[in-house]
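Residues 1 to 252, numbered by our numbering, are exactly what the sequence shown covers, in order.
Do not rely on the hints blindly, as some may be mistaken.
Straight-line distance between alpha carbons at most 27 Å, and here's what the computed BS3-like set of lysine-lysine pairs gives [claimed, not checked]: (1) K111 <-> K162; (2) K66 <-> K31; (3) K101 <-> K146; (4) K170 <-> K80; (5) K146 <-> K111; (6) K162 <-> K110.
It is worth saying that the hints were derived from the structure and are not from the lab.
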Amino acid sequence: RIEFLFGPHAPYTCSPELLRWVREKADESGKRITIHISETKDEVKQIKEKYGKTPVEFLDEIGFLKGDVIAAHGVWLTDKEVKILAERGATIVHNPGSNMKLASGVMPLKKLLNAGINVTLGTDGVASNNNLDMVEEMKLAALLHKIHNLDPTVADARTIFKMATQNGAKALGLNAGVIKEGALADVVIFDFNTPHLRPIVNVISHIVYSANGNDVEATIVNGKIVMLDREVLAIEEEKVLDKVQKIVDELR
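Generate the whole structure from the sequences, applying the supplied hints.
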């Protein structure tokens, strides 16, 4: 299931005119918008110098922020910006692996959740994360915010699991992320028959703290099995991997 979204990169790389155009087209088409917001201190500084406002304040001023906006990072947010995001109903996507690798900072997860903002989990791109393992990302998020807040109760397994499932589906406007009657049959099946996932005591805790992407045995998308016994059914994986390697070798 692939859906088109508008994706202007960020306020510091896109003009106000372009951002207004994207907002207009999103309103006309009903498509959602993804954008990077306040990933680094330097980005915030640039926007302040150029527009006299913080990134969120600037986007709000031009009418960009609405409930269909999915904003990546949100690391350097002020209390005022958090309030604006909550009022507009925007989603913030936490990318802990990327933020740590680039030393961008730590997003105020506790503050965002307390404000009622829909916070989801992401990986960012391969240039700043590498393996794009969403299961690993859950553990990174959980551990990062515990040490950052010096509080082992922050970012508990259930909260992080919800960010990776229900909250992500909510951001995309999908009735998914949960297993219940009427919801989309989007399911990830883990193989718990491995030493690092035994004994089975708390399934959610095991997935967040002990599992990784290699433990996924099967995936179902909208009721259709797309991976079974760790084999993607729609493509020939070896051919794809060989082709990618060949292209990379030619570019080096």
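| task | Check each numbered hint against the structure and report the violated ones by number, ascending. | result | none
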